[in-house]
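Undergrad: Sequence:
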Amino acid sequence: DHPSLEPLLADTYGIIVYQEQVMQIAQVLAGYTLGGADMLRRAMGKKKPEEMAKQRAVFLDGATGNGIDADLAGNIFDLVEKFAGYGFNKSHSAAYALLSYQTAWLKCHHKEAFMSAVLSADMDNTDKVVILIDDCAVNAIDVVPPDINTSQIRFSVDEQRRILYGLGAIKGVGESALNSILQERDKAGCFSSLDDLCRRIDSGKVNKRVMESLIKAGALDCFGVNRASLMARLPEALKAAEQIQRDRQAGQNDLFGMAQPEDEVVQDESPAMGNLVPEWPESVRLGFEKDALGLYLTGHPIVEYLPELKKFVHGRINELCGKVESSSPGNGSGEQRRYRNDLPVLLAGLNIALRTKNTRRGKMAFVTLDDGSARVEAVIGPELLEQKVHMLQKDRVVIVDGDLGPDDFNGGYRVRVKDLYDIDAARARFARALRISLQPGTPGIHNIDQLIGLLTDYREGSTPVVIDYRNDEASARIRAGQNWKINPQLSLLESLDQLAGADCVELVY
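Numbering of the sequence shown is given in the working numbering, commencing with residue 1 and proceeding in unit increments.
Since the hints were made in silico from the structure, they are not lab data.
Don't take every hint at face value.
Said to hold, decoys possible - Per label pair, the in silico range of CB-to-CB distance:
id, residue 1, residue 2, range
1, Lys46, Lys90, 14 to 24 Å
2, Ala240, Gly172, 16 to 26 Å
3, Arg416, Glu50, 15 to 25 Å
4, Asn471, Lys323, 40 to 50 Å
5, Tyr509, Asp291, 26 to 36 Å
6, Gly189, Arg248, 13 to 23 Å
7, Lys90, Asp291, 39 to 49 Å
Backbone N, C-alpha and C fix where the C-beta goes; we use that ideal spot for every residue, glycine too.
Could you build all of it, start to finish, from the sequences and the hints given here?
TA: Dropping the structure here:
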């Protein structure tokens, strides 16, 4: 942009890379002293709008005093300020470059071991674990649920090059309990059943709450029994195990009058346990899994909606966060500078957490949205919250329209919400038509009166109805009149699916 920059940026091909270059630019172009240039560096590091406004004025005055055009000086300051959003001194940058090369090499050539180590390092940070597991999926790395017979406390890699979920990442299961379980497994081999596990553990360290967490997390799925049955059997299994341990402690003799040595391996002689009760509904099973792991691992409630959501949202949360530029304030007021690079988005996620905060403007809401790829915090102002608080039910899909940008407070991303919808409201807002495909012999449709009767209860909406009719001789598209626009609620779609078949009913976006 200016000949004076060439010797300062020649080593980095004209790109500002190091903090030392920022200080040199301030000295050469704007006449800063060394001390003044260091003050500029500090102000950029703190990212305080009022400080940067003062430095901008000093820089422009100095540059124009050196005969540099004011607009050009402003553009150069913008470039410098953008760099300051994530810039380091030369020695720090060199260390980062070396570390980046090493980690990139490990991820390329030993990806399973590398990702296992990264997951272990962040196993207490659920938000990071969600992102890392999605990264594993993108890179064709299988992450399997925790297994009481194969998993370690930390994440590990098995012989099939799968990542085994770490038992230490299960909530409500302490390290003391896990050490006790793993010591018994190492000494006497794998556990063969729930009863065998209960009989061999130290009940003083592994209590009922720990066992429930293991079941909810899927760590006992290896016994071949559904989780609901394991939970139903647990009280009796623990009770029987306690009786056996009491008998041992009392030193009771066996039928032959011989006391059983305390360290003898106890064989599992319990009968094979089948499913005592039906498995929990998918939503309940996944809900318990999330309680235990902090995330959905073997499925996600949003999965059933993804084929429909991708027709109108802008992308998955991780994809959209990847498109957000790093903060680059630039000109304007503090508020304008802060949000200049925010990305307009329409995204969807499951409402997994909600907190509210009273402000001078009124009550605001902060909603954590999770779509299985990543999480993002949605910030909802008082007016919108009052209008649509009924759409913010826990564990329900929420679609938000807003501006996505970096969250300097927690290091993640947040959306400043302009509008929001639940799934029914989103269908009404974004669907262009409800299309019903019929032909002679369509199951459940015996005459048009049946269809009319079903649609009648959902009229006065904004979504047009289109009927595609086909027989052996011809086909026709029938567009219902304006007074037959409907509200495409879930109950209507389910009724139409039952009447005509799921393949015959489609919302067109």
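Undergrad: Would you pick out the hints that fail for this structure and give their numbers low to high?
TA: Structure breaks no hint.
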